[in-house]
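J.: Here's the letter readout for the chains.
2 protein chains.
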Amino acid sequence: MEKDYFVNRVSVRNFGVRHIEMEKLTDIIERAMRAPTCGNMQLYSVVVTRDDEMKTKLSAMHFNQPASTGCDVILTICADFNRFTRWCELSNAVPGYDNFHSFVSALTDAVIFAQQIVTIAEMEGLGTCYLGTVNYNAADISALLELPDLVVPVASLAVGYPIGTDQQVERLPVAAVVHLEKYRKDSDEELLALFKDKEECDANKKFVKDNGKQSLASVFTDIRYPKAMNEKVSKDFLKLLESKKFL
Amino acid sequence: MEKDYFVNRVSVRNFGVRHIEMEKLTDIIERAMRAPTCGNMQLYSVVVTRDDEMKTKLSAMHFNQPASTGCDVILTICADFNRFTRWCELSNAVPGYDNFHSFVSALTDAVIFAQQIVTIAEMEGLGTCYLGTVNYNAADISALLELPDLVVPVASLAVGYPIGTDQQVERLPVAAVVHLEKYRKDSDEELLALFKDKEECDANKKFVKDNGKQSLASVFTDIRYPKAMNEKVSKDFLKLLESKKFL
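Respectively, the protein sequence lines represent chains A and B. If you count the first sequence from 1, position 71 lands on 71 in this note's numbering, and the numbers rise without skipping. If you count the second sequence from 1, position 155 lands on 155 in this note's numbering, and the numbers rise without skipping.
Don't read these hints as lab results, they were simulated from the structure. Computed from a predicted model, the values in this text were never measured in an experiment. Any given hint might turn out to be false.
Every beta carbon over 10 angstroms from chain A, so not counted as near; a handful from chain B, in silico [claimed, not checked]: (1) 16; (2) 21; (3) 26; (4) 65; (5) 66; (6) 69; (7) 139; (8) 161; (9) 197; (10) 202; (11) 206; (12) 243.
Now the stretches of chain A that chain B is said to cover, found in silico as 3 or more residues with beta-carbon under 8 angstroms [stated by the list, open to error]: (13) 26-33; (14) 62-71; (15) 96-102; (16) 117-124; (17) 191-204; (18) 233-244.
Positions of the beta carbon are idealized from the N, C-alpha and C atoms, including for glycine.
The following block holds chain A by itself, in its conformation from the complex:
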C-alpha cells in the first residue's frame, strides 16, 4: 500500500470545495516536524493562509494559477533563522546566522519539512501542489505575510481535497538520475536517448503543438522558463536575501 502510494502519487491542481479542518492540518504539520532537521534547529516556519481575502491577495502573487485559486489552504513554508537567532540573543549567546550558508541550511530544512507535509497530507487523502512561483514574487509574499528578517518564503503548497481528475505525467528513466561512484559522462547520443520517451509520449507531443513550438525543449527555454525571466528572478531573489540579512 505504501509502495503503491509513492509510485502512484500525483500533484493535484483540481480541488473540491470541502474545507480542511484546522485540527487535521495542525496534526499533519506536527507530524511533519519529526522530519530530519539541521542540528535539530528546525529552521522553518509555515504561514497558513485560509482567510478568503488573504488567499485572494496571495493567489495573485502566484499569478492566479488554478491550483492556487482553487485550493482550500495555501501553506507558505519559510526558511527561518529568525526564531533561533532571537532565542540565542535572549540567551546571551552571540548568533552568526546572517549569511548565505545559514540561508542554504534553512532553505534545506524548510524544503525537507515541506515535502514531509506533502507526503503525510497525501497519505491522509489530501491533494497538494507546490507553487513554484514562490520565488518569483518572494518580496511581495514576504510583505503580505509580514515576514521579519532572516525569514524567506521558499516553498508554497496548495492543499485541498482532490476531485480525482489529475493525471500522472511521465518521468525520466532511473538511469538518467543515478550515477555510480562518479558522475557519468554521457555522449550526446546517450543523453538524447534518456529523453527519448519523454519527447515521444503523446501528452508532450500535444504540449509542443499547443505551444506552437518545434521541440519540447524549446517550450521550456522559450515559454515556460526563459533566460531573461530566470535572470530577473535571480536578481530580485538575491535582493530579497540581502534585505532579509542573509547576504
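Put chain B on the given structure of chain A with help from the hints.
T.: Okay, now just chain B, sitting in the frame of chain A:
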C-alpha cells in the same frame, strides 16, 4: 501504521554491517522520482558511493563522522541543471539556467527528492541520516565525484540497516512553527516559552554540561555552528556556485 512511522521516525547514525542490495536501492530511488519536481524538469542527480576506497575518501570530506564511516552507502544528491541544459542545446533550444534562480529551483528539487528517498528507505526498514557537512566541503566532494558545470552537491545521505540504538530527540511545540495568516510577533517572553521544554529536557542539560557551556544556545553559537565558520562556508559555497556557473 503510516501515522506511527512519521511520529516515531528517527535519524540513524548507528548501522549494522549488512549490505543494501543495489536492486533495492535502485527501486527506492526510482519510486522517489515520483516526488514533485519543478515543471517536471527533474533537476537532480544522485551519486551512489558504495566502493570502499571512494567511501573512505568521501567520508573524510564529511569529517569522518560516525554516520558517514559506519553506513553502508552514501548518496550524494545534487542540484543538477547540466542534464537539462545539455538536452536543450542538443535540441537547438537556447537554455538560460546559468543563474542563481535556477540554482534555487534545482536545490529545491534535489531536497524534495532526497526527502522522498529518506521516507521510502525508512519505510523499507533502512536507516538514514543527512550529513549536514555536505556544504562544508562541497568543492572537494564535487571534485571527487567529478561533477560537471551546473551540478552542485546539496544533500548527502548515509544509508544502511539500523541496529536500533538511535533515540529520538525533542522537538519544538507545533505552535512555534505555525503562523496563522501572518507571521506572529512573539514577545521575548513568548519566544522563550517556546524553547522552555527544549532547554529543560535531561538530554539537553547533559549536552550543555558535556560541552562545558552555560546555556544550550551557546553550545550552538560557540561550538556547533559558530559565526566565523558559517561565514567561511558561505564564501566557499558562493565560490563553488560561481565556478559551477550558477552565479
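J.: Now tell me, hint by hint, if it's right for this structure.
T.: Quick rundown of the hints versus the structure:
1. Even its closest Cβ contact with chain A, about 20 angstroms, leaves residue 16 of chain B beyond 10 angstroms, as expected for a residue assigned away from the interface.
2. With 10 angstroms as the threshold on Cβ separation, the claim that residue 21 of chain B sits away from chain A holds: the shortest Cβ distance comes to roughly 14 angstroms.
3. Look at residue 26 of chain B: its CB is around 6 angstroms from the nearest CB on chain A, not clear of 10 angstroms, so calling it non-interface is violated.
4. With a minimum CB-CB distance of about 12 angstroms to chain A, residue 65 of chain B clears the 10 angstroms threshold, and the non-interface call stands.
5. Against the 10 angstroms criterion, residue 66 of chain B stays outside the reach of chain A, whose nearest CB is about 16 angstroms from its own CB.
6. Residue 69 of chain B, annotated as away from the interface, keeps every beta carbon of chain A farther than 10 angstroms; the closest lies near 18 angstroms.
7. With a least CB separation of 13 angstroms from chain A, residue 139 of chain B remains clear of the 10 angstroms interface cut-off, as annotated.
8. At roughly 18 angstroms, the least C-beta separation between residue 161 of chain B and chain A is larger than 10 angstroms, which holds for a residue marked as non-interface.
9. For residue 197 of chain B, the condition that its CB be more than 10 angstroms from all CB atoms of chain A holds, with the nearest at approximately 13 angstroms.
10. Every Cβ of chain A is farther than 10 angstroms from the Cβ of residue 202 of chain B; the closest lies at roughly 15 angstroms, confirming the non-interface assignment.
11. Consistency note on residue 206 of chain B: stated as away from chain A, and its beta-carbon is indeed over 10 angstroms from all of that chain's, at 14 angstroms minimum.
12. No beta-carbon of chain A is positioned within 10 angstroms of the beta-carbon of residue 243 of chain B; the least distance is around 15 angstroms.
13. Using a Cβ-Cβ cut-off of 8 angstroms, 6 residues of the stretch 26-33 of chain A lie near chain B, which meets the minimum of three, so the contact claim holds.
14. With 0 residues having a Cβ less than 8 angstroms from any Cβ of chain B, the stretch 62-71 of chain A misses the three-residue criterion, and the hint is violated.
15. Here the stretch 96-102 of chain A counts 6 residues with a CB under 8 angstroms from a CB of chain B, which clears the bar of 3, and the coverage holds.
16. For the stretch 117-124 of chain A, the proposed coverage by chain B is satisfied: 4 residues have a C-beta within less than 8 angstroms of a C-beta in that chain, meeting the threshold of three.
17. With 4 residues having a beta carbon nearer than 8 angstroms to a beta carbon of chain B, the stretch 191-204 of chain A meets the requirement of three or more and the stated coverage holds.
18. Look at the stretch 233-244 of chain A against chain B: 4 of its residues bring a Cβ nearer than 8 angstroms to a Cβ of that chain, three or more, so the hint holds.
Checked against the numbered hints given earlier, the structure breaks hints 3, 14 and satisfies all the rest.
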